[in-house]
Structures are given as C-alpha cells and as structure tokens.
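Since chain A is already given, all that's left is putting chain B on it; use the hints.
There are 2 protein chains.
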Amino acid sequence: MTQPTAPGSRESPTPAWELLLPASSAPARARGRALQSALRDAVRSGRLAPDTRLPSSRDLARDLGVSRGLVTEAYEQLTAEGYLRAGRGAGTWVGEAARAAAPGASDLAPRPSTGARADFVAGTPDLSLFPRAAWSAAQRAVLLDLPHHALGYPDPRGLPRLRTALAELLVRRRGVVADPERIIVCSGVTQAVTLLGIVLRARGQHAIGVENPGSPQFEDLFATVGSRAVRLPMDEEGLAMGPLRESGVRTVITTPSHHFPSGIAYSAPRRTQLLSWARRVGGLIVEDDYDGDFRYDRAPVGSLQGLDPEHVAYTGSVSKSLAPGLRLGWLIVPDALTDDVVARKRYMDLGNPALDQAVLARFVERGDYDRHLRRCQRTYKERRDALVAALHEHLPGTEVSGIAAGLHAIATLPDRCGPHQELLDRCAASGVSVRPLGHYGGGADGGMSLVIGYAHLPPARIAEGVRLLAQAALRARFP
Amino acid sequence: MTQPTAPGSRESPTPAWELLLPASSAPARARGRALQSALRDAVRSGRLAPDTRLPSSRDLARDLGVSRGLVTEAYEQLTAEGYLRAGRGAGTWVGEAARAAAPGASDLAPRPSTGARADFVAGTPDLSLFPRAAWSAAQRAVLLDLPHHALGYPDPRGLPRLRTALAELLVRRRGVVADPERIIVCSGVTQAVTLLGIVLRARGQHAIGVENPGSPQFEDLFATVGSRAVRLPMDEEGLAMGPLRESGVRTVITTPSHHFPSGIAYSAPRRTQLLSWARRVGGLIVEDDYDGDFRYDRAPVGSLQGLDPEHVAYTGSVSKSLAPGLRLGWLIVPDALTDDVVARKRYMDLGNPALDQAVLARFVERGDYDRHLRRCQRTYKERRDALVAALHEHLPGTEVSGIAAGLHAIATLPDRCGPHQELLDRCAASGVSVRPLGHYGGGADGGMSLVIGYAHLPPARIAEGVRLLAQAALRARFP
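Line order of the protein sequences matches chains A and B. The first sequence lines up with residues 4 to 482 when you count with our numbering. The second sequence lines up with residues 4 to 482 when you count with our numbering.
One chain only, chain A, in its complex shape (with noise of 0.2 Å):
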C-alpha cells in the first residue's frame, strides 16, 4: 500500500491511505465528496502535515479501489481551495495555507432548569397559553396567499399590511397615535431602545435617564451603543421631576402605565409635568409599554404617546401577550427622528422576517389577537387573585401592591418574617426562586418587599410557593 512521503526529517503520522475512505458501495459523485472531505479534515486536523508529499493519483485511486478521474478532481479541487498545493514536476504536497481550528467547547445542551419548586422571578407570561392552533392556522393562510414578491427584501419600515392593523390595534387598546406612516416594527423594545440609544448617540446624547427602580438591562444596553444610562428616583406619582431636571438628560426612559417594578400608573399631574419638562427641553420621554395589556380592576391608562407624540416614542412588543421567542414589537417616533431610526433599522437587519409579520398582521386583522388577550386576561386575574389570597393566608400582614395590572407583584412582609438576606437564603434553600425589590436598584430597600412574577404559574403552583416562602420567611425569624 502506498504511504504518504514527507520529505526531511518531520515526524509526522503517516496515514494509511485507504483510511480515508471507508469501503462503500456509494456512486461515484458521492465517493469524490466524501474523498475530498476526508483530505480536507486531515489537512485542517495537522494529520497530513504541510509538506507531505501525496501519493500519485493513480497509486491512490488503486488503494482506495476508485476511478482515478475522483482522485484527480479531488486533488484540483483541493488545490483551487488552497489545502493541496501542485508541486513543480509532477507531484502534489500539502499545502501551508490549512491552520487547524481552536478546538471549541461543544456544551449544547439545553441550559439546565433552575429545579426551583416555585419560580416567581418576573418577565415572562405564561408560554403555555400560545395560541398554536391559531397561530399555525395563520401561518398556513399566510403561505397560501402571500404574493411571491412579499418573500423579497422587506421594508425596513415593516409589512404596510401589519403597520396598518397595529396602527388600528393601539389607537384603540391603548389610546396611541399611531399613523401606519409612523409605526416602526422591530424586534422588541430591547431593539427599539438600542435603535433610538444609537440615534441620539450620533446627535450628541451621551445620557439617558432611566428609572431606579428599574429594568437592569438599560444600563448595559447603553455602556454597548456608547452612551450612559443615568439613573433617576421614583416617587409616588411616577419619575421625581426635581432630580430629572437638575439631571441635565434630555431623553428619559418610562413605565408610566405600569411602572417595573413598583407597578404604580403615573400619576395625571406627574405626566402633565413630564410633558411639560420634555417641550421645555426639546426632549424625549421613551414610553415602554411593556405590559399594557393586562389591567384587572380599571380600564387601561391611555398612553401617554397620545398626548403628544411628537415629544413621545412609544415601543411595545409581543413578548407579554404571546410570546418573546417571536422577536416582533413595534416603535413609533417623533417626526423628527423616523429617518435616522429606519435608516439604523437598515443597517441592523433590513427589517424584519416578512413571514412572521404577515402571520401577526393577520392574527390581529381578524380578531384573534383580542380573543387572545382576553384569554390571558382571565387567566392572570385568577392568578392574581390566588397569589393574594395565599399571601394572605399564609403570610397575614403582607402589604400587597402593583397588582392592579401586569403579571407581576410587590409584597412587602411583615417585619416579623427577619433579616432580608437571612429569608431569601432560605427561600432559595427551599426551591423558591424570588428577587427582592433591591434587585432591580432604588437604592438600600430596607424592607422586605420581593418581586413576585406570578403570570407563568398556575393558581395551585403559586399556593404551593406562597407557602414555602412563608416556612423560610418563619423559619428565618426563629431558626
């Protein structure tokens, strides 16, 4: 059998050649692929070291049992992609060019459950209600009558079929002004706030406001598109005005339908004061209105986009009301900052995948998207109510608040329940996930107020956690 040469002295392993290619009754074309692929993985690997001499094509094609016409253009072929160089005279060496690639940790298992028994961590609505069927059924319509044009390159605007039905979705769930002409769709508010962030970044905003208490992940967002989130306090009514003031930003990021965490609505004159202060500035208050769908004891509070939406941009999305994985939100700009913000849509992705827009526009369009949020209405009014009456029950004295809307809570226990650290601890020790109001900034929180998510779980999920908090909040006290 013939061996491969390598001239001097390098000691590199010599491969048996027919190793290269298993026996195989496979036609020819695919033998020549699986030959070249083989020659390639040897090169890269450093099995074939640079400068190995190759045996003939006509030695190797008889080793190997194959026509020499498949070694030939394997040899051309790997030559033409850099891995074989032709030798002067006849023969044919491996080439330099290969480097073999950082091996890479191949760990792609799916991250492990947290195995928390109750899970009240705050963010995600319950992805069990995903309304399949219905989605499915849209996705399948869309595909039948989608134009072969709509699978081109998308506008960077968003599908005018799904502008126009969100454009009539929030001016009539949440009050907005939304001319299609204006709505941006996007990924999400994460893209919505990155676009704006790198917009006034290049028109010399270097700080946004955000609120403290607040979504953490604004202050990496912004450090990432080069500018700084300045942190402002919260009081009763909604975002301090004295300290957003004497803060210098012009931009200021909200909550003002249902503030995160706290969950308090602005209050009528906090916002009047906010729009003064932004026409005063020329500045711009940035509306997430990341939950305002659900509301269970009142209608929802209006935007406050409709009040003025040329010194308002408003962003939501679908990561509340059906799911996150679908990446589809929406952004509506000042007049004055929409092409800057579709232009940075552009250049991030061209716009969004037209499939899944058609799907969401027809969702809407036909009433499936208000039956939905219907369905999950009730569903988390419920839960809602049984995290309350557990509380109650369990932990008497608890002072509950933020519950009028959202899919999340604040509870402050009692003083008797011990050291802050001490419960949380024991919570965790127990297989209860939960973050303290401290989690998400304001500052030293002297109490005991925790977060509590309860949208994704069950009514009996959540009396079961309510009451392992109360065992670890007990135990802390007296140990």
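Bear in mind the hints are in silico, worked out from the structure with no lab data behind them. Be careful, since some hints might not be right.
Stated by the list, open to error - Partial pick of chain A residues on the chain B-facing surface, computed with a CB cut under 8 Å:
(1) Phe133
(2) Pro157
(3) Asp300
(4) Arg330
Said to hold, decoys possible - Have a look at the derived ranges for each label pair, beta carbon to beta carbon:
(5) B:Ala210 to A:Arg301: 43 to 49 Å
(6) A:Glu239 to B:Ala205: 38 to 44 Å
(7) A:Ala226 to B:Pro236: 35 to 41 Å
(8) B:Gly72 to A:Arg381: 21 to 27 Å
(9) B:Glu402 to A:Pro150: 34 to 40 Å
(10) B:Ala210 to A:Ala226: 21 to 27 Å
(11) A:Thr75 to B:Arg478: 47 to 53 Å
Think of the CB as a built atom: it goes at the ideal place given N, C-alpha and C, for glycine as much as any other residue.
For chain B alone, coordinates are given in the frame of chain A:
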C-alpha cells in the same frame, strides 16, 4: 342641547356633544369605550380646545342617552390620562397636555412595479420557487412539538438545534469549519457585517477594505457604524495584494468563491496570499458567501474559512437559496471575536425569532433544504444556458463571463453596439432594466459590460429580454 362653554374670547368651534357618540344599540361597555375614544380624538385634533369646560356628567349623559356613570367613568379615565383636568370646584376642563400629532403621509400602497418588460437587475432569486408546501408543513410540525420554554427569550447566538443543523450543512456543502458553538444565527449578511463593523470599530479599526467593484451597500453600512469603507481594486485572480498591503486596513470583506459582480473565483495562489497577509498583520478576512450554493460546471469551491478559521469570518444566508424575506443567516467568527459579537447581537435584537429558527432547523435536518437547492440549481442552470444561447443568437460577438456559478452573468457587448450611455437609455426606453458593471464601482468602464441577473426569470422572459436588449444595442449604433 348642552353646548360647551369656552372661557374668555377663544373662538374654538363648539361641538355638538351628541355627535361624540352615534346612536347605537351596542352594550354599555362598548359605548363607554367609544365615548372615551371620541373625547380623546376631539382633544387631540383641537376640536376641543384647551380650557374648554365640559358639560356636567349629568347633562352629557342626558344628551347622549347613556347612564351618568358611563360619562363619569370617561371623565375620570381621560383625566387620569391627562386629556382632561378636574377644575377647582365641580367642573371638568380640557387639559393642556394634549398636542395634535403632525399629519403623516399615508401612502402605504405597495411600491409600483417597475413596469419593465425584462428586469435583469441582479440580486434576487426566483421567489416563485419558494417551497411553500414544505415550509408550511415544517411550520406546522414545529408548532406541534416545540417545547413551551422554546417560545421564551431566545439564546442570542441562535437555537442550538439550528446551529447543529447548520454546522453539518456548512461543513458538508461549503467546507467550512463550523463547530455549532461558533455559529451565530443572525438575520443575514447585512446584520453579520454590521455586527463585525461595530465590534471592530470598538477595537479601533475605523477603516474596512471592500472589493472594487463590489456590493455597493457596504459604504453606507460602515458610515452608519462610524467607520469607513476603503475600496480596493481587483485583478484577474481576486483582490489585488499590493493595494491591500498599502491600504493599511486590517479587515477586508471578500467574495472569494464567486466575486460579486465579476463572477470570478479567487485563484488558489491568491487565496494563500490573502491568508498570509491576514496572519502577518493579525487581520481578518470576511468571507461573504452570498451565493455559494449555486455552481453549474464544477463542484463548489470550498470556503476560505475552512483553511484558517482564526483569520477568516464566514457569513451566508438563505436570502439567495430560499427567500430574503425570511431574514435568516449565519456568521462564524474567530474565537477572539465571538463574545463581543454575541454581546452586540444581544442588544441588537436579543436573537432571531425562535419559530423561524426551528422551522429552518427541521428543514435542513430532513433534507428538504438540499432537495430545494438541487431543484433551484437545475432551474438556474437552465436559465443560464438560455441567457447564453439568447446572447449568442441576438448579439453575436458578446463575451459572457462569470457564468460558472451564481445568479447573474457579465455580458460584454461587441464594440459595434454604440456608446454606452445611449445603449442604457435605449434599454430603459424598451422596458429592459439592466445595470452596467460600472454601477458596482471599479472605475470608468470603457467597455460595454452589463451585469445580467437571470435566475429570477423563466427562459422565455430571458430570451425576450435579450431580444429587446439587442434591438436597443443595434439601434444605438444605427439610429
């Protein structure tokens, strides 16, 4: 009937209150919503001017023929939202917070068709070949068996199942070194290049080399992320090495398997020289494998990335193989850049939509993708042959190049075909859309080279288009 009382001499039009709410037999709740919505609209549009006093709830309820509670609720709701304000004493007034939106252009009609009788502009595959039935079946299957948690916030690198499927695909079809851990699912080549541009800019690289002629989008793209595209000349073997070395850039975007638009494949020596350059300067070659799947007369050239994955970033998408509207692509970067790119991807969109990724994974896993590529390959080869035959028949003497691969060809017309601009004008007048090679850069194109995209046109349209092109070309000579 009650009329609004405007204080002072303000000449605001005085609305007839009953017009707020058309007579209706709708249930009370719906009428309440309609009233709130009508009041909001009236305030926003200025029909109800600031400081206008509203009728008492009792009077308005009587005028509208609704319950007083319904009016009270509407007043309370709009006061909470800032549209109205409660005055001292008993009255309710229009607030000053609301400001009318600037009227937006409302032209959402789809862009008019170019009306071209033959559209030879390159860049789009035949969208009518999109495998709708198979894609629909994959969507349905995915929705049937996707676990709930997969609908949550995605891994910004992409669904593990898709990364595994793509790794297998790219290793097999394109000779890429593609550990699933190293693949980043993104929304296409534009996003891939934007991500790299941002990451490299943050590391101090303000200039990125691009091929000239080449894809025109990169100049604007790099300007958007704050860096600069440096146009580097091509020669017959690929990117010219001298100008590249002298330019001082450390990153260059290339199309080595099938240069756009000339259609050449980089020679083996040039591939090696390019890699040597990258190693010497610690640089990066970005391999844009935009149409790597379509090769007609020989096996596809393996990727450059396979030779040195630590100096070559590889990117591609399904835009040419399935449809640009899917916005699904991939990016494989050297280890040293992976974390930064993933961090940027996270803040750009948190990751690609989960369902689309699962559908493509299934599509690849089950061989549907390979089947579809084979079908396209056959169809496009037939069209390429039709183009060559038609040019031979109607414009003998035309030199056709770049036809071994891809979705377009270069046709260099014989000298007798009259001045360049006159030919293009006549083409346009005859309804033939076609771009000269000079459109993509490369300096003054003295010749008559046209870039002809053929893949999206059936053979009969191609033949007819070439006939019209020939008429225009000959008339340009003999008016």
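Structure-based check of each hint:
1. Because the beta carbon of Phe133 of chain A sits about 5 Å from the nearest beta carbon in chain B, less than 8 Å, this interface hint is met.
2. Interface hint at Pro157 of chain A: satisfied, since its Cβ lies 6 Å from the closest Cβ of chain B, which is below the 8 Å cut-off.
3. A cut of 8 Å between beta carbons decides the hint on Asp300 of chain A: the least distance to chain B is about 13 Å, and the hint is violated.
4. Nearest Cβ of chain B to the Cβ of Arg330 of chain A: about 4 Å, under the 8 Å cut. The hint holds.
5. At about 57 Å, the beta-carbon gap between Ala210 of chain B and Arg301 of chain A misses the expected band of 43 to 49 Å.
6. Look at Glu239 of chain A against Ala205 of chain B: about 41 Å separates their beta carbons, and that is inside 38 to 44 Å.
7. Look at Ala226 of chain A against Pro236 of chain B: about 39 Å separates their beta carbons, and that is inside 35 to 41 Å.
8. For Gly72 of chain B and Arg381 of chain A, the Cβ-Cβ distance of about 24 Å falls inside the hinted range of 21 to 27 Å, so the restraint holds.
9. A hinted range of 34 to 40 Å for the beta carbons of Glu402 of chain B and Pro150 of chain A is consistent with their spacing of about 37 Å.
10. With their beta carbons about 25 Å apart, Ala210 of chain B and Ala226 of chain A fall inside the hinted range of 21 to 27 Å.
11. Checked against the given bound of 47 to 53 Å, the beta carbons of Thr75 of chain A and Arg478 of chain B, roughly 49 Å apart, stay inside it.
Hint violations for this structure: numbers 3, 5, all remaining hints satisfied.
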